[in-house]
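Just so you know, the sequences run in chain order A and B. Here my numbering is used: the first residue of the first sequence is 1, the next is one more, and so on. Here my numbering is used: the first residue of the second sequence is 1, the next is one more, and so on.
Quick caveat, the hints were computed from the structure, so don't treat them as lab data. Note that the coordinates shown come from a computational prediction; the quantities given were computed from them, not determined experimentally. Among the clues, some could well be false.
Stated by the list, open to error - To list a few chain A residues with every Cβ distance to chain B over 10 Å, as calculated:
| id | residue |
| --- | --- |
| 1 | K172 |
| 2 | P248 |
| 3 | T328 |
| 4 | T409 |
| 5 | V510 |
| 6 | K524 |
Stated by the list, open to error - Here's a subset of chain B near chain A, in silico, CB distances under 8 Å, partners left out:
| id | residue |
| --- | --- |
| 7 | V75 |
| 8 | L99 |
| 9 | G103 |
| 10 | E111 |
| 11 | G114 |
| 12 | G116 |
| 13 | E162 |
| 14 | L196 |
| 15 | N198 |
Backbone N, C-alpha and C fix where the C-beta goes; we use that ideal spot for every residue, glycine too.
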Amino acid sequence: MTDLRHFGLGVAALCCVSGSVFALSPGDVVDDFRLNDENGQSHELYYLSDMKAVVLLAAGNGCAASRAAAKALDALRAHYQAQGVEFLAIDSNLKDTPESIAKEVKADGANLPVLTDELQLIGESLGFARNGEVLIVNPQDWKVIYRGAAEKGGNHYVAAALDATLAGAPVKVSHTDAAGCDIVMPERDRRSAHAKISYEKTIAPMLSTHCVACHREGGIAPWQMSNYDLVRGFSPMIREVVRTKRMPPWHADPHYGVFSNDRSLTAEETKTLVHWIEAGSPRGGGADPLTEVKKDWPVWALGTPDLVVNLPKFDVPATGVIPYQMWTVDNPLDHDVWVRAVDFLPGARSNLHHIIATIGGEMAPGDKRDNTDGSLADYVPGSEPLQIPPESGILLKKGAKFGFQAHYTVNGKPVSDVTQMGLYFMDKPPQYRYRAAIMANPRIKIPANTKAYTNDAVYKFDREVLVYSLHPHAHFRGAAAEFVAQYPDGHEEVLLNVPRYEFNWQTTYVLKAPIVLPAGTAVKYSMTYDNSTQNKANPDPNREVPWGQQTWDEMLFGVIRFRYLALDANPTRTAQTSP
Amino acid sequence: MIRRMMIRARYMQVLVLCAACGAASAGVLAPGGHVADFTLKDQTGAAHQLYALSGKRAVVIMTQSNGCPIVRLAVPALREIRERYRSQDVEFLLLNPTLQDTGDAVQHEAEEFGFGMTILLDRTQQVGEAWGVNRTAEVFVIDPKTWTLLYHGPIDDRLNYESQRPVHHPYLTDALDAVLANKPVAVATVVSPGCLINFPHRKRSY
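Assemble the whole structure, with the sequences as input and the hints as a guide.
Rendered as structure tokens:
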């Protein structure tokens with residue numbers, strides 16, 4: 001161990017600018033990352049590519065050096081922000097929580113957003129050793145241009161580095177020693193232990209559990225985790241998508257709510273996977289469990305459906321942006337039935353991105369239909385079939401029509417898709433109807449060239465309800481979503497926070513334990529849109545964007561699935577949709 | 001004796017690491033830099049020498065790895081550009097500098113996605129290392145008169161992770177138009193989205 005570290009330092013001294021091989025030095029590239037701040041807002045480093053410089057401060061609660069540095073940076077902020085410099089603090093201290101950070105920030109009257117690095121993965125890779133240390137990054141090439149103290153002995157290092165960078169000149173003093181409070185990082189000194197993480201016993205089983213459902217032959221994922229060589233080849237990419245929270249595709253803030261369809265890795269798994277990759281993705285001994293992954297996936301996970309509905313055939317081109325497909329399909333049944341489960345069988349699994357299935361088409365705001373004529377089920381890759389809790393069901397009336405919104409993605413080759421929907425019926429009517437509350441605002445107008453524009457819709461429950469799931473929906477410009485319950489006694493509770501909304505993944509967040517909302521509870525659903533050029537999915541940042549079904553327009557649209565708590569004596573009409 | 005051998009082994013390791021270190025920072029190929037010759041086999045087993053293309057007016061090489069959605073979506077665009085510049089003696093090639101993709105696997109990918117392009121297999125990663133390749137879908141434009149690198153970046157600004165949008169900056173065709181007009185390339189380096197390629201011997205800062 002000691003040997004290894006000395007060896008590493010020796011190498012650095014011989015050939016690199018300065019610092020150990022495990023610390024970022026001026027000239028090194030900072031890899032991308034995404035973290036939530038103390039208020040649950042998401043920040044991605046590489047999103048800041050339109051900035052001239054990004055100043056990162058290692059911050060910690062109760063640390064005088066960190067406080068002094070934050071104050072010094074705060075003083076620079078007003079001046080330099082106008083010139084395109086972003087200032088962010090990162091708290092990598094294990095003892096600090098978003099709550100305690102928010103409290104400290106409030107008490108200090110500080111203005112820097114504090115990103116919470118609870119897994120320490122970002123602090124470790126930035127080489128943060130002390131709270132109070134500053135790192136300045138140049139977004140042109142993401143290289144470190146300064147590392148050290150904010151200021152010392154009257155020397156304003158950060159201001160000098162920023163002035164030089166803004167003038168296109170090299171930074172004269174690019175490395176100083178920062179005093180400050182040590183950050184306890186237990187994993188930082190365990191690099192040799194990370195090299196012993198077992199591919200066979202730990203990594204491959206983790207990938208099998210969380211990734212292989214899509215990263216398999218015929219799955220939607222573009223590559224297959226079918227052996228060690230492929231995993232090793234994609235290792236840096238796996239590290240990047242995990243650090244930027246692109247994969248696994250689960251976008252809920254873990255601080256609010258517990259969801260039964262949570263696809264994320266646990267904190268421990270995430271750390272283990274990233275540390276294994278940073279140790280060079282060692283193969284170690286033993287078998288390769290990924291070569292043994294099952295080849296025969298069940299056609300219908302719940303058995304043969306009671307009714308199979310064929311969706312229209314769709315020819316997916318090799319490349320381009322495909323508009324959402326909207327289809328209406330007749331219900332062939334001549335009698336009413338109650339639906340207990342819904343599943344989808346994609347024809348072209350690698351291209352079908354999502355389906356939103358409804359009875360009678362998607363509900364529009366102000367729609368006065370019985371809302372069991374509304375939402376049916378969603379398909380996203382890797383999702384489980386919808387299984388409605390046993391006491392509830394969805395009424396499918398004879399003569400009703402199914403509505404489908406299908407989204408296809410291109411992958412470089414043309415294919416044809418015919419997807420099937422399988423419905424499973426109940427033997428007798430349920431005690432409760434499985435209902436949907438629609439929250440929408442068709443009057444949204446998203447201003448052009450705006451990085452964050454938030455709008456909301458409120459739904460008030462006039463009866464006591466049991467909430468099963470929450471579904472935020474927007475298009476290319478959707479950036480963040482939140483569901484907040486405002487209880488009759490006045491207190492508020494975040495039911496779901498999606499700090500980075502990703503339109504590609506139309507996830508319904510299913511509560512592990514359904515929650516009771518008393519009569520009179522209002523739920524506020526808000527969506528934040530990014531209509532700037534920094535949103536890489538934005539087709540036209542210069543346009544004021546109105547409501548519309550297609551992805552180049554926008555929707556403020558949320559769905560809460562619930563049942564009444566009291567028995568449905570006469571389950572006919574439901575509460576109205578929001579105005 | 002044993003001790004001396006160990007020291008020597010360690011010394012050699014240091015040198016190897018240092019070479020990689022240089023490749024990742026100071027010694028890396030940048031626009032204006034010299035492109036060394038190489039000979040690589042393609043997915044069908046045929047050998048290609050870079051300097052055999054000295055009669056061309058420009059050589060365009062884009063990095064590729066199997067299973068990367070960005071490069072799968074970039075290849076059709078590159079093919080279209082090849083058609084547009086067909087009469088102007090510009091050579092277009094793909095380069096696979098990965099450890100994991102065998103010739104057969106690359107051939108399979110090329111057929112499945114109808115790449116219709118020659119893919120050079122850099123199985124030892126020598127070219128990828130020397131050129132400072134980081135991701136797939138990175139384009140290198142080379143001047144075969146002087147063997148200097150003229151452009152390193154994406155085809156354009158259309159593709160990103162799980163998204164695409166209309167092109168606003170056609171970096172590659174801008175570069176080619178400049179080269180063919182004997183003018184300097186205005187934008188010679190652009191940060192490129194794509195799949196990170198594993199270069200295990202390159203010095204990394206984590």
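Okay, the hints, checked on the actual structure:
Once the 10 Å rule is applied to beta carbons, A/K172 is consistent with being away from chain B; the minimum gap is 19 Å. Every beta carbon of chain B lies more than 10 Å from that of A/P248, the smallest distance being close to 13 Å; the non-interface claim holds. Every Cβ of chain B is farther than 10 Å from the Cβ of A/T328; the closest lies at roughly 29 Å, confirming the non-interface assignment. Residue-level check failed: A/T409 sits 8 Å from the nearest beta carbon of chain B, not beyond 10 Å.
Distance check for A/V510 against chain B: the nearest CB is about 23 Å away, which clears 10 Å, and the non-interface claim stands. At roughly 28 Å, the least C-beta separation between A/K524 and chain B is larger than 10 Å, which holds for a residue marked as non-interface. The beta carbon of B/V75 comes within 7 Å of a beta carbon in chain A, closer than 8 Å, and the hint placing it at the interface holds. At a threshold of 8 Å, the smallest CB-CB gap from B/L99 to chain A is about 6 Å, leaving the interface hint in force.
At about 14 Å, the closest approach between the beta carbon of B/G103 and any beta carbon in chain A exceeds 8 Å, and the interface hint on this residue is violated. At its closest, the beta carbon of B/E111 sits 10 Å from a beta carbon of chain A; the interface hint therefore is violated under the 8 Å criterion. For B/G114, the shortest C-beta to C-beta distance to chain A is roughly 6 Å, which falls under 8 Å, so the interface hint holds. A distance limit of 8 Å between C-beta atoms decides the matter here; for B/G116 the minimum to chain A is near 12 Å, and the interface restraint is violated.
Among the interface hints, the one on B/E162 holds; its C-beta lies about 5 Å from the nearest C-beta in chain A, closer than the 8 Å criterion. A least Cβ separation of about 4 Å between B/L196 and chain A falls short of the 8 Å threshold, and the interface hint therefore holds. Hint status for B/N198: holds, given a least beta-carbon distance of 5 Å to chain A, under 8 Å.
The structure shown violates the earlier hints numbered 4, 9, 10 and 12.
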